[in-house]
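Given the structure of chain P, go ahead and fit chain S onto it with the hints provided.
For the protein sequence lines, the chains are P and S, in the order given. Under our numbering, the residue at position 121 of the first sequence is numbered 111, and the numbers go up by one with no gaps. Under our numbering, the residue at position 65 of the second sequence is numbered 55, and the numbers go up by one with no gaps.
Because the hints were derived from the structure by calculation, they are not lab data. Where hints are given, some of them may not hold.
Treat identical chains as interchangeable: a pair holds within one or across any two.
What the hints assert, rightly or not - In silico DSS-like pairs for lysine-lysine, Cα to Cα no more than 30 Å straight-line: (1) Lys171 x Lys43; (2) Lys253 x Lys145; (3) Lys133 x Lys171; (4) Lys20 x Lys45; (5) Lys43 x Lys54; (6) Lys54 x Lys307; (7) Lys149 x Lys53; (8) Lys173 x Lys240; (9) Lys145 x Lys51; (10) Lys324 x Lys15; (11) Lys61 x Lys43; (12) Lys16 x Lys324; (13) Lys57 x Lys171; (14) Lys61 x Lys19; (15) Lys208 x Lys171; (16) Lys307 x Lys43; (17) Lys317 x Lys53; (18) Lys61 x Lys317.
So you can see what is in the structure, the chains are spelled out below.
Number of protein chains: 2
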Amino acid sequence: MSIGILFGGSSYEHEISIVSAITMKKVLKKNELEFIFIDSDREFYLIDSDNMKSKYFSSLKYKKAKKLNLKYGGFFISGIFGSNILNLDVVLNIIHGRDGEDGKIASLMEFYNIPFISPRIEASTLSYNKLYTKFLAKSLGVKVVDYEHLNKSDKREIKTPFPVIIKPVRLGSSIGVSIVKTKDELEYGLDIAFEFDEDIIIEPFIEGIKEYNQAGCKTDRWELSIVEEPEKDEFLDFDKKYMDFSRDSKVLSADIDDELFDKIQDSFKTIYDPLFLGSIIRCDFFVVDGEILLNEINPIPGSMANYLFEDFDLTLKRLIDHLPQEKKISIDYKYINSIQSAKGKA
Amino acid sequence: MSIGILFGGSSYEHEISIVSAITMKKVLKKNELEFIFIDSDREFYLIDSDNMKSKYFSSLKYKKAKKLNLKYGGFFISGIFGSNILNLDVVLNIIHGRDGEDGKIASLMEFYNIPFISPRIEASTLSYNKLYTKFLAKSLGVKVVDYEHLNKSDKREIKTPFPVIIKPVRLGSSIGVSIVKTKDELEYGLDIAFEFDEDIIIEPFIEGIKEYNQAGCKTDRWELSIVEEPEKDEFLDFDKKYMDFSRDSKVLSADIDDELFDKIQDSFKTIYDPLFLGSIIRCDFFVVDGEILLNEINPIPGSMANYLFEDFDLTLKRLIDHLPQEKKISIDYKYINSIQSAKGKA
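Isolated chain P (complex conformation) (with noise of 0.2 Å):
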């Protein structure tokens, strides 16, 4: 199984894609990677499996590498004789935040008939504009945290009452965000999100509130992870999110009883199932009163929460095997030449 890492990209999360992708090389050490960066130039190059070191692009000697030309069917390398096609039997897409997640990625792939591991364009801008996320869950019936949205004209003045958390609405990984204890502060949190997006949402915080996360795909069947309590800080900031990015050990499934963990399940498959076919997901649910409510989805996790699989390898390749196809449209030409024929042209 030839696997495509295709990492990096135009995104404040670049970095830390970048961490995925080393992550990755660790996880997936059975199969034959190739791992394709993209830069800020969203150029292609080719890095080689020895390269997969963050210092190796924070030098910018990846200008080194040789470059790819994305066509149809695939990534070619250009040589003395001519353009070679880089066999590959999937693209995992590892990209977070824009062109990953945005759909941007989603949308080369679909176009190009590359087979690829990502949620699809629509998933993509369900899931990478939180504002959109809240729209798709309470229209499946998912309940979500309270929320209010600001764009960057409106006026200055927020209806939830204090401590909240201000999220930029098109980014992950805990950038932008800021927790606002008080009404003097609240300037401050806003321009920092503000400095991110035209778009921001509020939502109460709720200090202590118990979370967990489900990860999972469908296939045939549905593939699972464990549910995880994740050990949480005030909130984790986007340097200590790095251990999520590069983390590759097992995790403990949360001491839960069967009613709650089922509750979470059905959740996860509520939101999944058919929007996220062809994608590993993570959505971070929050627990209030028994009740459960959809904080984020993660379409792109962070080392693709490989964690939590009991069995990553062969999640992968189940999702490989079942990756939903693009139509086939057939074009005849028939409309036209009716036309023609009616104009006598025929």
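Below, chain S without anything else, positioned relative to chain P:
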């Protein structure tokens, strides 16, 4: 002003996109135009203006045209002395249906940093899928026609009283749409719609309903078309729709009072701003008891709805001067360097 007319695509609406592009040749004759055709295999071809006739495509003669490569910064023509960029100020996406309206072209243009007129990715997802359009409109306080959603795997029972109109969720141009007057005809109508999509919506069919179309865009001001009351047969089928895609003569403004006119324009503005910035769209509204209901958003309307604008050339020019810019993200590897440094490896 050099405009690249991008048309064709792997879409059920491939052929009417050709008709739209031929109309653009007539309508935009004052501009320098380049015609970029995407065939059903998603190869790009540069089409000579003289060959912009439907027969050229239906006879597959286009396959002898020059191929283009899409790369960072533009479309490239391969020649004996290397590769030359096709000079364009902007690309006008006129691919109806899949590829053009589902976010793929928007993704490709954004990824490769090519200025383009088209709904962006989020706008594409929310308008290409009629179900998501309902969510969007409702979240903005714009009323919609009642509906129910049926997936292919659902039981074939509907609650909406007859007559109903059945539509595939993801198609335009009335493809797969049928009006079902009695229960006997239901199976057939569902079969037709499910042939084109896994998801369909069912709406009450209201005989003789008043319909009004509004097209436009926003630059540093609103650039709105007249309001048209389209002539209707029972409904517009695919053949009759041909008219829409080849229209290039002006129509008259609907004979409505100021209050209704304002309501229609307000609803359009609410839908458009800011999601659809960078595109010219047409919204089709119904009026029931003086109330405006959004029927459909046409994210890439037939012939760009040019016939609705007083001065389409000027509208387009102004839009080109006010296209939204993708935010530049600079990647400085500070984060990786700080991790390296913390690990004592820097």
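Hints, verified against the model:
{"no.": "1", "hint": "Lys171 x Lys43", "in the structure": "neither (39 Å within a copy, 65 Å between copies)"}
{"no.": "2", "hint": "Lys253 x Lys145", "in the structure": "between (39 Å within a copy, 25 Å between copies)"}
{"no.": "3", "hint": "Lys133 x Lys171", "in the structure": "within (25 Å within a copy, 37 Å between copies)"}
{"no.": "4", "hint": "Lys20 x Lys45", "in the structure": "within (24 Å within a copy, 53 Å between copies)"}
{"no.": "5", "hint": "Lys43 x Lys54", "in the structure": "within (15 Å within a copy, 46 Å between copies)"}
{"no.": "6", "hint": "Lys54 x Lys307", "in the structure": "neither (32 Å within a copy, 42 Å between copies)"}
{"no.": "7", "hint": "Lys149 x Lys53", "in the structure": "neither (49 Å within a copy, 60 Å between copies)"}
{"no.": "8", "hint": "Lys173 x Lys240", "in the structure": "neither (41 Å within a copy, 55 Å between copies)"}
{"no.": "9", "hint": "Lys145 x Lys51", "in the structure": "neither (46 Å within a copy, 58 Å between copies)"}
{"no.": "10", "hint": "Lys324 x Lys15", "in the structure": "between (50 Å within a copy, 23 Å between copies)"}
{"no.": "11", "hint": "Lys61 x Lys43", "in the structure": "both (28 Å within a copy, 28 Å between copies)"}
{"no.": "12", "hint": "Lys16 x Lys324", "in the structure": "between (53 Å within a copy, 24 Å between copies)"}
{"no.": "13", "hint": "Lys57 x Lys171", "in the structure": "neither (49 Å within a copy, 59 Å between copies)"}
{"no.": "14", "hint": "Lys61 x Lys19", "in the structure": "within (28 Å within a copy, 32 Å between copies)"}
{"no.": "15", "hint": "Lys208 x Lys171", "in the structure": "neither (40 Å within a copy, 38 Å between copies)"}
{"no.": "16", "hint": "Lys307 x Lys43", "in the structure": "within (25 Å within a copy, 48 Å between copies)"}
{"no.": "17", "hint": "Lys317 x Lys53", "in the structure": "between (37 Å within a copy, 23 Å between copies)"}
{"no.": "18", "hint": "Lys61 x Lys317", "in the structure": "both (20 Å within a copy, 26 Å between copies)"}
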